[in-house]
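Add chain B to chain A, keeping to what the hints say.
Number of protein chains: 2
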Amino acid sequence: MLLRNVFLLLLLVVAAASSSRADDGYRLWLKYDRIADAAPRQQYQRAAQFIASSGTTPGVRTAAAELQRGLSGLLGQAVPVVAAAGSRTGGIVLRVDAQASAGGQALKPEGYHIFSEKNNLVITGRTDRAVLYGAFALLRQVQTRQPLAGLNVTSNPRINFRLLNHWDNPNGTVERGYAGSSIWQWYELPERLDPRYTDYARANASIGINGVVINNVNASARYLSAEYLAKVAALAGVMRPYGIRVYLSVMWAAPKVIGGLNTADPLDPAVKQWWAAKSDEIYKAIPDFGGFLVKANSEGEPGPQDYGRNHADGANMLAQSLGRHDGVVMWRAFVYKANSNGDRFKEAYEEFQPLDGKFDPKVLVQVKNGPIDFQAREPFHPLFGAMPKTPLLLEVQLTQEYLGFATHLVYLAPLIKECLEADTYAKGPGSTVAKVVDGTVDHHELSGIAGVANIGADRNWTGHPVGQANWYAFGRLAWDHMLSPETIAAEWTKMTLTTEPAAVRTLTNLLEQSRSIYVRYTTPLGLHHIMGESIHYGPQPWLAKAGRPDWTAVYYHKADSVGLGFDRTAGGSNALALYKPEVQKQWGNAQTCPLNYLLWFHHVGWRQPLPTGRTLWNELCTRYYTGADSVLWMQQQWAAAKPALDPALYADVAARLQTQRKEALWWRDACVLYFQTLARQPIPAPLVPPARSLADVKNLVQLYQLK
Amino acid sequence: MLLRNVFLLLLLVVAAASSSRADDGYRLWLKYDRIADAAPRQQYQRAAQFIASSGTTPGVRTAAAELQRGLSGLLGQAVPVVAAAGSRTGGIVLRVDAQASAGGQALKPEGYHIFSEKNNLVITGRTDRAVLYGAFALLRQVQTRQPLAGLNVTSNPRINFRLLNHWDNPNGTVERGYAGSSIWQWYELPERLDPRYTDYARANASIGINGVVINNVNASARYLSAEYLAKVAALAGVMRPYGIRVYLSVMWAAPKVIGGLNTADPLDPAVKQWWAAKSDEIYKAIPDFGGFLVKANSEGEPGPQDYGRNHADGANMLAQSLGRHDGVVMWRAFVYKANSNGDRFKEAYEEFQPLDGKFDPKVLVQVKNGPIDFQAREPFHPLFGAMPKTPLLLEVQLTQEYLGFATHLVYLAPLIKECLEADTYAKGPGSTVAKVVDGTVDHHELSGIAGVANIGADRNWTGHPVGQANWYAFGRLAWDHMLSPETIAAEWTKMTLTTEPAAVRTLTNLLEQSRSIYVRYTTPLGLHHIMGESIHYGPQPWLAKAGRPDWTAVYYHKADSVGLGFDRTAGGSNALALYKPEVQKQWGNAQTCPLNYLLWFHHVGWRQPLPTGRTLWNELCTRYYTGADSVLWMQQQWAAAKPALDPALYADVAARLQTQRKEALWWRDACVLYFQTLARQPIPAPLVPPARSLADVKNLVQLYQLK
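If you're matching them up, the sequences are chains A and B in order. Taking the UniProt record's numbering, the leading residue of the first sequence gets 1, the next gets one more, and so forth. Taking the UniProt record's numbering, the leading residue of the second sequence gets 1, the next gets one more, and so forth.
In isolation and in its complexed conformation, chain A is listed as follows:
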C-alpha cells in the first residue's frame, strides 16, 4: 500500500515536473538534465564523486557551484563540494596556481589545463577565471558525452577581449533586436537585480566571453551620469564572479550634454579634465570596468571631427583619460560619408588607414568583418592587414539584421569563419584575418573580437531557437578561431537539442548549410544591400531613393540594360586596390573571380557565360530558385530529426521554417521580377515564372514599411 502510494505520488510529481519542463529554451546550452543511458552515466559518476575546491575567490566559488549544479543534474546524484580531496579519489579538483603550465608552456592568464592526478581530475589555471573556463569545459565534455578518463586538455584563448556588444537603448528597445526588449531593466536598477542577469553571465562565461558592452553604440549620455553608473555598477557586480567585465558605449558629446561644458573638442583642456574625472568616478564604482566603445562621426553621431580633429585625436584623448586604470578604448571604423558618386566600400579605409601608428597603445580600432554592413556575404574588410601598427578588433553581427530577423534559420559560424580564414597577405601568405586580429601577424598584445548580441528578453533569449547557436558559436570562435563551424555546431546541438547521433549529424549538416542557402535566395553571386529600406526586412532591389544615396539598393547592384554588379576594379571605383596584390588577383578578373564574390567587384553582362555554363541571368535565376527550394530541404531535415527533439522546440522551429520558406519565395520573386525588367529575358526553363507580379511584391514590401 505504501509502495503503491509512493508510486502514485511519484507519477504525479513526474507529470508535474515534466509538464513544467517543456523546453522553452531558457536554459540555452546549459541543460543539465540527467543522462538517460545508465552506462555512460555511471562512468561519469565514478569520475565525479566530489568537487574539491579550497578557493574562496569569486571565480573559483562560481566554478565549484556551476560544476556542482551541472554534474548533480547530469549524473542524477548530488555531487558534494569539499575543501580538499585529501586521500579521496574519483573526484574533481579545482586549483588556482599562479605558476600553472601545461606541456612545459606557461598558460595564458585565462588558459586552463585539465589533467589526471592521483585518480582525480585537476582543473587548473593561473587565475580563478581560468579555472571557471576549465569547469565549463569539463561540463561540456560530459554534456557532449566525451570520456573523462585520461583527460588531458590545455586550452588558451587566442584573443584577449571577447566581447558582446549590446545595441540596447535606455528605453528598453534593442536596435536591430529581434528577440524582444532589452534584458537590462534600467528603471529597476540598481535596487532590483533580475535573476536573468545571472543566467546571462553563466551563459557567457561558459563560452569564454569576458566582456559586455551593455548599451547601444548610438549612445545616450545618461549612462555616464552618477545615477546610471550606480545601475551599471550593480550589473557589473553580477558579472564579476563570472569573469565578465562591463564596458560602456559613450556618446562623444557627453561633456556638453551632461557635463555642462560648451564643447566636446578632444584637445580642449576642460574636456580632457572632464573625461579624466569621469574615468576616475567610473573606476571608483566599478574597479574592473573594461573601457569605452565609441561610434563617432558616423551616421549622425557626434565626434571629434565636429571640432576639426580626427579619430585618433578623439580615441587618444579618451585613452589618456583612463590614466592608470586598466581599461581600453575601442573606436569604431564604421564611418562613411554620403557621396552618390563614391564607393562606401572605400570610406572607412580612407579615413582610418592613414591614422595607422597614430593611436594610443590603449586603443583598438573596431572593424566590421566586411566593408559595407553585415551583409549575408562580404569580402573581408580591406583595413585588415592594412593597419599593422594598430590592434584591430573584429566586429561581427549575431543579431540577424540582414539575415532574416528571427524567422530565418541561419547558422553564422560559416560566415564568421569565412572572414577569419580570409588571407590578407599582409605579411605574405597565411596572414589571415584571424591572425591579424589575434595579434600574431603584427605582434600586438591587445587583441579583440566583438559580436553584436542577438539577445533579448524573449524567454529563449534569441527569438529563433537556433539563434542560440550563433551566440554559442561566437563565443567558441572568439576563444579559439581554429575550431570548425561543424565542430561547434555538433557541440551546440548535443548540449542544446539532442545527443542522438543520427539526429546530431542531420542537424549539424542543416546548420552548416543554412547560411549558403540564405545567401542563395537573397543575395547570390555577390549581390549585396538590396534589402528593405530602413527596417532591412525583405527584398527591395528597386529602392532608388532614400535618405542617402548609399542607403538605396541601386547604388550597390548597379543593374542596367547591360548587366549587373558593382565594378570595383581599376575601371570602376577601384576599391580592389585597397587589398594586397594577391587578393586583387583573386577577385580582380571577372572570368576567374569566385562566383560568390562576382558582383561585389564586377559589372557583368546579363548574357555573359559563367563557369557554371549558364549566363549570368540564368545563373542568377537558378540560384534564387534553388535557394528558395533549399528551404524545403531544410524543413525535411528538421522533420527527420523530430523524434529526437523536444516537441515544443520542434514545433517552434518547424513553424519558423514555414515562414522562412514563404519569405524565401518573396525574395526570389521580388529579385527575379525586378532584375528581369532590366535583363529583359525570360525565367529560364524549367524554372516556373512567379505567379505574382512585381507590383504585387512591391505592395507587400511597402506594407511592412508603413507606420
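A hint or two may mislead.
Identical copies carry no separate label here, and so any pair may be met within one copy or between two of them.
[Stated by the list, open to error] Mimicking BS3-like on lysine-lysine, the simulated pairs with C-alpha atoms at most 30 Å apart in a straight line are:
#	residue 1	residue 2
1	K337	K108
2	K108	K31
3	K31	K272
4	K545	K256
5	K284	K642
6	K284	K707
7	K31	K337
8	K284	K272
Derived by calculation from the structure, the hints in this document are not laboratory data. Computed from a prediction, not measured in an experiment: that's the story for all the values here.
Chain B in isolation, oriented as in the chain A frame:
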C-alpha cells in the same frame, strides 16, 4: 531496496520539480498547485471525482479541459472527463442549455448557474461561453478555499463588451508599456502560434474578458491588409475557444494608405465601398470578428474632420460598413485641441455632447474615466450622464503610464471603483457612472468597458508582479462592478500569492491603500498632470514649455505667488458647469470641496486654511511627506507577509518597493521645492527640508529625458 530507490528517485524528481517551480509569475492567478492541507483537499476531492461533459463545442471542451487541469493540480489526483455522469455522483457536470435559468430568471447569454443536483455540481448556462465562465468560477472557489457543498451561484455579467485594449505597435513595441515588448509576434504570424497566446486567452477567459483590441489606437493601416488579416485570423483562432473576440484599431486614412483611394472622406462613395468590402473580407477570415476601435482627429491621427465631417459622420459610415455582420464601432472621445487659453477638461465634452443622438446604433463612444488623461485621481468624465442616447464605453488604463510604470505598487481597483461609483445625477441620485456604462440608466442594449492592457512579453506578463492584480481586478469589475476592491484583492492574493489568512489580510490591506499613497506623494489635493514630459516618468511640475501648452505642467497647476490649482468654477474655466447641479454643488465651493478634488476645481491661496486645520501650503507639504513615508509602511507590510510568500516573488517586489521609496522621495522633493519657489514659505516643522536642491532634482529629471 526497491522502496529505497523509489524514494531516492522521488526526492530527485521533487527537487527538480521544485527548482523549476520558483514562482516566476508566468502562471498568473491560474496556479493549480496541490492544496497542502489534507482536510480541505479531501473535501474537494469528494466533490470533484469526475467531470461530465458531452459538449463538443470549443467553449465546453475548453471548460472541461481547464477544469481537469485545475482540479487535477489542486486536488493532487487525476480527475477524469467522462461523457455523462450516468448514475455517478460526486462529480461536476457541464451543461449548455439554451433555456437555462436561475431562480426563475433567464440567464444572460454569458451568465452561468452553478448548483447541486443529485449530489453532483452542475455548471450550466445558455452558451458554451457561459459554461466556461462557470468553470473558472468553480476553480476560483477551490483556489480561494471556499466550500463547494451546497453551492448555488448565479452570475450574469453587468456589461456586455469587456475588452482589453492593447497599445501594441507592429514593430513589437508597446506604447506606454512597461512589461517588455508586445506579446504579438507579427513577423512569426500566422505560421507560428506562440504558446503564450493560449495562456493569455486562458487568463482573460478566467476573469470574463470577452474581447481584445490587439493593436495600438495610434494605428498602422497595415492591419487591414490581406497579409496582416491572415495573421489576425490566426490569433482569433486561438482566442475563439476561450470566448474572446478579436477587434482592430483602425487608421482612419487606411483607404488612402493601403486602398489606393485619394480620400478618406466618410461621405465619399468610394470610401464607403472600400470599408464595406474590407468588412466583408475581414468577416470572411474571422467570422466572429468584434469590430473597430477608432482614434480619429486626436493627437495628430487622421479623421473625418480632415474632410469637414464630424465624429458621427465617421463612426456611422464605419458602422454601416459592417452591414449585417455582428460587429460594433468604438469611437474614442479622447480629443483635445491645442488652446493655451482653453481648458482641456471641457474639450471632449464640447465636441461629443452635441452629437448625442446622432450615432448609428452599432456605435459606442469610448470615454476615459476622467476628463484629462488617466491621472492618479480624476473627477469622472463629464460626458458620463450627458449623452443619454449614446452607449458610452468606459476606458480605464491598467498600464501605469502616470502611476509609476512597473516599479510602483499601485492597485487600481479603488481608482476604477471611484469612477464607477461616482454619481452623475443624470437621472437623479444613483445615476452612477457604472449604471450609465452598464446601460441601466438609459436603457441601452450595448454596454462596454475597456482596460488599456498592462501586458507585455516579460515572463510575468506585467513587469511588477502586482500589476497582475490590476489585470485581474479589471476583468472582475468589468463582469460585476458591484464587487468591492477588497473582495477582488483578497481573491487575487489567495489565487496568486498565498492563502495564509493573516498574510492575505496584510496584503489585501496593502493593495487597498496603495493608490491613495501614490496620490499623496505625487499629486495630492487634486494636483494633476505635473509628471515628466513625454515619457511621463517622475515629477516635472516646473514644465512650462512643451509641444503644446496642454502638455506642460503649469497649464494644470497654475501655481503663482497667490496660490495653487485650476479654477474651473464660473469664475474660471467653468468646466464645472458641464456637470449636473448636484455635482457642481459637491465640488463647486472651495470651502466644502473634498480635499481630494480641491485643486482640480479651485485656485486656493497658499495660506488658506483647510478643514484639516493646516494652510494649503502646510497641507501640501504634509501630504507629500506622509505619502513618501507611507512607502516605508508598504515595505513593512510586504516584509510582514514574507514567510507566506515565494522567496523569488518576495525579493522581486521588495526590490521594487525600494525603488518606489526612492522615487517617492524624488516626487516629494521635486514638488515641495518647486512649489516653494512660489509659495515662499518654509517646509513646516517637524518636516525636514529636502537635503538636495531644486537644481539637483531638475538635473535628475532631465537625465531621464535624454536621448
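Self-check item: Hint check against the structure, violated hint numbers in rising order
Solution: 1, 3, 5, 7
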